[in-house]
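Number of protein chains: 2
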Amino acid sequence: MASEVTKGAKAVSRPAPSRVIIEGVEPEIDGGRFPIKRTVGEEVAVSADIFTDGHDSLAAVVKYRPLGAPEWFEAPLTPLVNDRWTGAFTVDRMGRFQYTVEAWVDWFATWFKEIGKKSAAGQDVASELLEGSVLVRGAAVRAAASDADWLRQRAEVLGGSEDQALRVAAALDPELAAIMTRYPDRSRAQVYDRNLEIMVERERARFGAWYEMFPRSAAQEPGRHGTFRDTESRLSYVAGMGFNVLYLPPIHPIGRAFRKGPNNSLTPAPADPGSPWAIGGPEGGHTAVHPELGTLEDFDRLVAAAKRHGLEIALDIAFQCSPDHPYVREHPQWFRHRPDGTIKYAENPPKKYQDIYPIDFENDDWEALRAELRDVFLFWVERGVSIFRVDNPHTKPFRFWDWVIREVWDRHPDAIFLAEAFTRPKVMHRLAKGGYSQSYSYFTWRNTKGSLTEYFTELTQTETVDYMRPNLFANTPDILHEFLQVGGRPAFQIRLVLAATLGATYGIYGPPFEQCVGTPWKPGSEEYLDSEKYQVRHWDVDRHDSLRTFVARINAIRRENPALHFDRNLRFHHVDNEQMIVYGKATADLSNIIVVVVNLDPFHVQSGWVRLPIHELGLGSGPEVSYQVHDLISEARYLWYGETNFVMLDPQACPAHIFRIRRWVKTERDFDYFM
Amino acid sequence: MASEVTKGAKAVSRPAPSRVIIEGVEPEIDGGRFPIKRTVGEEVAVSADIFTDGHDSLAAVVKYRPLGAPEWFEAPLTPLVNDRWTGAFTVDRMGRFQYTVEAWVDWFATWFKEIGKKSAAGQDVASELLEGSVLVRGAAVRAAASDADWLRQRAEVLGGSEDQALRVAAALDPELAAIMTRYPDRSRAQVYDRNLEIMVERERARFGAWYEMFPRSAAQEPGRHGTFRDTESRLSYVAGMGFNVLYLPPIHPIGRAFRKGPNNSLTPAPADPGSPWAIGGPEGGHTAVHPELGTLEDFDRLVAAAKRHGLEIALDIAFQCSPDHPYVREHPQWFRHRPDGTIKYAENPPKKYQDIYPIDFENDDWEALRAELRDVFLFWVERGVSIFRVDNPHTKPFRFWDWVIREVWDRHPDAIFLAEAFTRPKVMHRLAKGGYSQSYSYFTWRNTKGSLTEYFTELTQTETVDYMRPNLFANTPDILHEFLQVGGRPAFQIRLVLAATLGATYGIYGPPFEQCVGTPWKPGSEEYLDSEKYQVRHWDVDRHDSLRTFVARINAIRRENPALHFDRNLRFHHVDNEQMIVYGKATADLSNIIVVVVNLDPFHVQSGWVRLPIHELGLGSGPEVSYQVHDLISEARYLWYGETNFVMLDPQACPAHIFRIRRWVKTERDFDYFM
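Sequence order for the protein chains is V and S. In this text, residue positions in the first sequence follow the numbering used here: the first is 1293, and each later residue adds one. In this text, residue positions in the second sequence follow the numbering used here: the first is 1293, and each later residue adds one.
Read the hints as simulated data drawn from the structure, not as lab findings. There may be inaccurate statements among the hints.
As the list claims (entries may be wrong) - Under the rule of at most 20 Å between Cα atoms (straight-line distance), these lysine to any residue pairs were calculated in the SDA-like manner:
(1) S:Lys1409 x V:Asn1640
(2) S:Lys1405 x V:Asn1640
(3) V:Lys1718 x S:Leu1372
(4) S:Lys1718 x V:Asp1375
(5) V:Lys1718 x S:Arg1376
(6) S:Lys1718 x V:Thr1370
(7) S:Lys1643 x V:Lys1718
(8) V:Lys1636 x S:Ser1419
(9) S:Lys1636 x V:Asp1398
(10) V:Lys1599 x V:Glu1674
(11) S:Lys1741 x S:Gln1753
(12) V:Lys1718 x S:Lys1741
(13) S:Lys1644 x V:Ser1349
(14) S:Lys1599 x S:Pro1583
(15) S:Lys1718 x V:Ala1457
(16) V:Lys1409 x V:Ser1349
(17) S:Lys1405 x V:Tyr1637
(18) S:Lys1718 x V:Glu1674
(19) V:Lys1718 x S:Thr1370
(20) V:Lys1636 x S:Leu1422
(21) S:Lys1718 x V:Ser1339
(22) V:Lys1643 x S:Phe1404
(23) S:Lys1409 x V:Tyr1645
(24) S:Lys1355 x S:Asp1441
(25) V:Lys1599 x V:Pro1705
(26) S:Lys1643 x V:Glu1406
(27) V:Lys1644 x S:Pro1650
(28) V:Lys1643 x S:Ser1419
(29) S:Lys1405 x V:Glu1639
(30) V:Lys1636 x S:Val1426
(31) S:Lys1405 x V:Gly1323
(32) S:Lys1644 x V:Ser1419
(33) V:Lys1409 x V:Ser1339
(34) V:Lys1718 x S:Val1426
Whenever a hint applies, use it, and build me the whole structure from the sequences.
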């Protein structure tokens, strides 16, 4: 008869099912249907419920590998409470990874625990020592040569004839336990039934500052249509504010049929330039550039010049066509037709958008269509563009995005996709699950403490953070929120600080933003008056009242403080004033701790008592604890004591503090040192 | 070129992927790995997130069928808010069912919505009418003969030459919409990617009152070992209290080796009967009966007699062996052996249980072992037993239970399995997911308002309710809770009412329960003094101070009030006294509304103001509303007004009210009528 401890080594034709249960693995999006997202160098913390029948000890690992690699790497899982185990690993390169969990009954640990209890109770453990000897001999077979001899000798001691006390001492030797841990019997291990996936992207997918501008408004003198060359001249201005992504609305030829005039009028003058989103003309479509902006070579020059300024160009991908787009002529089957033979234009009944033909993704020629649209991305990737802001993705099929992002990203994992999906929550989330690196969010409409706290808790403290990265635009050409219309310069500062510190990625649409432009098309509208969407504008970027230096300061603070490079470390703190909001971010090692205090009221001085979790932040406990808070905006430094301290913010001076917390290091004579 | 509306009918070699997304389907246990549970006649409410790109209208159904049936039944899903859809169906027979969700773009509904808006705005809809004509003609092809002609005629009208106003009226005719709904174009429907499963059991799996007793203590005169015949004589007593399941601890031959004496002593006298859980002797094992109880024929008689009393016998299945069990001799490979050749007895180091050999489910002969254990269940099923209380399932492999329950239940879906798993929460839940109909719970240790409220909210208001049914034992031979030790008769009444009304299924271990036996083995222990586990006891069931009639009243109330037959309808209500708890259950149609008020303090009179959600209960709103509360225990009736009313309970009289709420029907002369 085989004893239990030797069976692992014995060949059994059909082994009994594993006794180990693995469930509740996190993160896992929709039962493993979608990947989680990380960037290179980030940690993946994995947890799972792991247990077996009875009281045997278990051991567990998380396994991970680049997709397609033959071998798994492993990191240990350790038990928390209530059968929950946790562990972590780091992803070190771009591309798809897989991870799963494996666990097994740890016969040696079980034996070690039991013999300890029995010998402590003074029981005879002769039989147990024999069992241990068998276990150790089994490990010797699996062990590296360097350990095998040692283990064999130890097995002989346990099973030998020495005094029982000496053999028990050898059994309980921590060195034995340590070496045995390296050579577990995993013949009856259980592997979780799904390989889960990770999209590992580059850092810019997680952390970046975006600046949106219309090249056609970049001319240095009024009255002229701006060009790529003009945009080149604007690069030092944008880079000087500390941005690292320069996002351009569509740069393609603009249709003439049903062209829109200023302020979205239906009666354009012949010289009106039209909306860049009415894509396509005789000069070409999604892979051509608008002649008035320059040539493809000019565009290539812009991309290269931007790179020298530390800026990446992001392009706007809007899969829709003006009636003049070449696709309409060459591939009429890609559009919907009415029974009378005409092509259906865009509608939101009773509104009509006759300057735009939506693409019909369900047409019989859908495979050629989607290949063509994929090639649009690949065309621009070839020209050095790898960031794409996708217009209205929620009006195209989800499974098209699932497919096209996989097609492009698996070839070019440095490609980044931003979904402009101002739509229903579940639609927005599904686009993120399908592969979008980033998503526009509802931030623009969250202006109160309650709504900001609730929304950003959802975005950063639920599983959402594992697949959806918000890109917090403070304004866009479509959205001039009422708060900016009425709140003046302090409102722009408030929204800038919120966007730049609540989110690891944020953006502004300039120059209107830094010039605090707040005039709507008409009362109650979120559209800009004389919107650049329909006309060329001229901006004097050197205006003395611009927020340019403030923006530059905020972006410098972001760059210099790694705590601000992440979303998931956001925590809200208490302040006893509903007009103020306080939150913080810290690095895992607490070497960088940021606390942001914002007065949400652009009109009045507000003050309150802020309560910080000083113990969690590694600052100590009790009211006597002191630490320095260093306002990185104003450079003022304050000495705070204990959990609760007072703040007051005058929006006319500056509506926010971005504090770096500096811990007291030591006192020597008259000096305090803070690190 | 094909227009969008005709494509559904056209054969396309490879259609475009469906545009519809279905996710977040509920109920769904662990991503569909485990079935939900229902009983015959119960409703299955299903919800899901369903959406598509753009603004097209959708239609959706939940599909269901008995496992293996070729055709699906369908029930409509309707939208709630935020892209959530819901619907329900009823399961009408025992066995496994499948369900899933299907949804599609509803071209007709989309068109109907749009033409309505356009015509309301006075737009020319000539082209839209032609589109509609194509849609209606397409439906005619799919339609039943009775509708096809009508639809064809209507298509001709829409596409005809009549005045546009008349054709629009025909388009907006609700009858057309109603008929079109019957013949949707589902050629591009999306089906949810998993078929989810339902275990449909008989009502007793959900609703039952259990009585546990030791047959060996059933003799009418002291000093004699009770028998199955004696148990037969006890049936009218048990049935008279209103129970419908009579659960017997193991009835098999008891081992002699290392037999335990009274109060778990290791020094039994020769006549001591031992523990019934030390199963197996020379007379046989799990398919034999203990000779002192009688013969198998006596047992069959008992089963038949019980049935005549409306009682089902539940047997205790404890898969462990005394050293004298035939398996030890015939299948020594089913047990674990030490290196010295001896079989390992049960241990919890340093404690030893030498009267019990655990079974080794990982032995090389595991397939023969599990087949044998399955046959133990089948043996008793053949003898008319279909309820099994499984002892310590958490010390045997989960995948063994998954398998054996499927093997037995798929052959005999009237079999009911109760897991005695007083263990860690996740282990208990996993056993339930694996197929157990019912589970022991932590109820026994939940005695305060806070802990009862928290625990029963978890059991009834989370997804737990879809797979785990608690069986609330108020006491067991292993658990005499301190509350019963110190609280006297009121404590037993309190725990009985809580068990019987919080849970659709509950149980007591008698006669100790109804005789209010509260003496522990020793202070601080939950074991009974002179426990029946180790010795024969004699009970005078006719004692005048027994709770027998109180138990009978409570069981009658349960039987007569369908609201108490379910767990998921439990709702806690407010009362401003921490020593009191108030909760209710109602049927979906509100025809039966029960409100339970319990004084949790067995020592003092307690009173408080109860607040009921009278609007939700269909009683009306405002302080003037009046309704009758009829205490089904005392038969007292009170007139209550509005939401908040006063209650006072003296534990010496009765520590609980079980109110049936009777709505006012009409006032006629001097009489009030309540239904």
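Legend entry - Enumerated hints in conflict with the structure, sorted upward: The structure breaks hints 7, 12, 14, 15, 18, 24, 27, 31, 33 and 34; every other hint is satisfied.
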